[in-house]
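Visitor: Turn these sequences into a full structure, and let the hints steer you where they fit.
Each step along the sequence shown adds one to the number in my numbering, with nothing skipped, and position 129 is 176.
No lab work stands behind these hints, which were simulated from the structure alone. It cannot be assumed that every hint is accurate.
Distance ranges between label pairs, derived from CB positions [said to hold, decoys possible]:
no., residue 1, residue 2, range
1, L54, D128, 11 to 21 Å
2, V182, Q92, 20 to 30 Å
3, E179, S100, 35 to 45 Å
4, T177, Q134, 11 to 21 Å
5, D127, S80, 28 to 38 Å
For every residue, glycine included, the Cβ atom is placed at its ideal position computed from N, Cα and C.
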Amino acid sequence: MRPAVHLAIPVDDLDAARHFYGDVLGLDQGRSSDHWIDWNLHGHQLVTHLVASGVGAVGDSEVEGHRVPIPHFGLLLPADDFHALAQRLRAAATDFIIEPYLRFAGQPAEQWTMFLLDPAGNALEFKAFTDESQVFAR
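Guide: Structure representation (structure tokens):
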């Protein structure tokens, strides 16, 4: 088994989480109970746990003129998958915190990125590097 990330996040409505992560993002649902749902996040285990209220961002950080919500999580995707997801999110009338755009253009870490919130207020980032070998470039 290749290494994979396990991430547990709070949600305040499992039906809204099921719609967002299953229908909008297109993730496969795994096991579930009355209090949580497992999701296949491109080979990583994402678990949405029911809590009294969502979390939302606790702050932000400036990156290339944009206010990036902190905390956030997401995926590094191949460029074609990134653009397909951006189209899928637009078709679902998603409100983006940061619309899909090319960040650090012309630099070694050039990447497509976008930020959005799930229904509980968890911030997500999806990105695609122009050159995947530059993910950790300095």
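Visitor: A separate judgement is required for each hint: does it hold in the structure or not?
Guide: Here is what the structure says about each hint:
The supplied range of 11 to 21 Å is met by L54 and D128, whose beta-carbon atoms lie about 19 Å from each other. Checked against the hint of 20 to 30 Å, the C-beta distance between V182 and Q92 comes to roughly 21 Å, which is consistent with it. Separation of E179 from S100 is about 37 Å and conforms to the stated range, judged on CB atoms against 35 to 45 Å. The hinted range of 11 to 21 Å is satisfied by T177 and Q134, whose Cβ atoms lie roughly 19 Å apart.
For the pair D127 and S80, the beta carbons lie near 35 Å from each other, so the given range of 28 to 38 Å is met.
Of the numbered hints given earlier, the model fails none.
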